[in-house]
Amino acid sequence: MLRTRVIPCLDVAGGRVVKGVNFVDLVDEGDPVELAARYTAEGADEICYLDIGAAPEERATLLDLVHRTAREVFVPLTVGGGVRSPEDMRSVLRAGADKVAVNTAAVAVPDLIDRCAAAFGRQCVVLAVDAQSSAAGRWEVVVNGGRAPTGRDPIDWIAEGVERGAGEILLTSIDRDGTNNGYDLNLLAAATAVSHVPVIASGGAGVPAHFVDAVTEGGAAAVLAASTLHRGTLTINQIKGALATAGIPVREAA
Amino acid sequence: MTAPLVAVVDHGAGNLVSIAQGLERAGATVRVAAGPAGLTGCDGVVLPGVGATAAAMERLRSARMVEPLRGWDGPMLGICVGLQLLFERSEEDGADCLGILPGEVRRLKARRLPHIGWNDILVEKPDPLFDGLRDGALGYFVHSYAAMPDDPAVVVASAEYDAPFVAAVRWGEVCGVQFHPERSAATGLRILANFVDSIRCGVTAGAMAAFGDVRTGM
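Residue numbers (this note's numbering), protein chains in the order written: chain B, 55 to 308; chain X, 3 to 220.
Certain hints may be false.
Some, not all, of what chain X presents toward chain B, calculated at C-beta under 10 Å [as the list claims (entries may be wrong)]: (1) THR55; (2) TRP120; (3) TYR142; (4) SER146; (5) MET150; (6) ASP152; (7) ALA165; (8) PRO183; (9) GLU184.
To be clear, the hints were calculated from the coordinates, so they are not data collected in a lab. The beta carbon of each residue, even a glycine, is placed where N, CA and C say it ideally should be.
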């Protein structure tokens, strides 16, 4: 029986974990390797690093971080931010990542998804989509870390991305990011309806019920959390406990 | 033998860091092998695998690793696509594989693919790889295809995702797991340690004799 995954997301910039609200007002949350190891010990099913600066001059810092994490943490590691080519993807995988998320560069050149999937297999290509509501019941894709609206419909984009070879979708609601008001369930449900690959819910989780809703109402295969874990509002065990109580299978911490 | 030398085959497409680290924690000395010379003098071989099967075989061909791997007669562990490569051919791209074990690789029959996440390792028969694992142990899977061995006797574990599929195989000193032990937390580290131990002690001669040698083409 496949378990629903709980994934701590560590936004990294300049070698540190940071977290903001609605993608701005960043606060330092600690050392990435230390946090990743702690969350893994607490039962994280996977770790996600998003290099939110994605500055080319900080690439070596990110790769070093990935390498150190892969030597310490024996759960899957997804890394995103600043991946613009299959060569970028290769260097992140060789540093120790298992899956690589593409976002802005894929919107600009959608063929990037096809080329990465052909080179490394679709199972390690994650399409990260940041979506913001644009009108009632509609959303648009925003790139460059929440700074550049594109006018693209995220649901169409997800369907295209899966067709092109994305093996997993990481869907973040910018409106809900860091707010603890709950995932955008309408957005999530619309995405899972068009995607036959797993969709990871991201943005807005604050209380245990939010994680349950993401799975039961949103159809998510995995739930991502950041600020609520970094600030100790919830533990991974509490999240898993709530999921289990709702009848959703989870992996117990070893 | 204090620290067995284990070659991790590098065919250029994936994360070898965690496999190497897991083996080192188990007391092995790891050598990343990008060509035939990398296998010389090794006590065991790990064949990792990410990506599409045809691409993986192509990379092994250009690295001139196909024949040395086919001819390898010591302990070998295939991981994920590495397990699939042990068989004769794959439905994925119609690729020819190493053909060390008789059988094929087929697409999973499931509603949503890839199968990504933690799932039960259902042990079908005792195997040195599974020594010390608790009941209900979980492995981390990420794949869309699985092996269909001609001889069901090689299956040592299965898993279920809409339908049952092969999660681990063993034939003499050759074994393979469909999940990623290097990403399966304590369970996976134990499996890697068991592989290293089996190199140290030798896979039981009795088990080897019982298997005979019915590898493809032998």
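Here is what the structure says about each hint:
{"no.": "1", "hint": "THR55", "verdict": "9 Å, holds"}
{"no.": "2", "hint": "TRP120", "verdict": "4 Å, holds"}
{"no.": "3", "hint": "TYR142", "verdict": "6 Å, holds"}
{"no.": "4", "hint": "SER146", "verdict": "7 Å, holds"}
{"no.": "5", "hint": "MET150", "verdict": "19 Å, violated"}
{"no.": "6", "hint": "ASP152", "verdict": "25 Å, violated"}
{"no.": "7", "hint": "ALA165", "verdict": "13 Å, violated"}
{"no.": "8", "hint": "PRO183", "verdict": "9 Å, holds"}
{"no.": "9", "hint": "GLU184", "verdict": "6 Å, holds"}
Hints 5, 6 and 7 from the list above are not met by this structure, while the remaining hints are.
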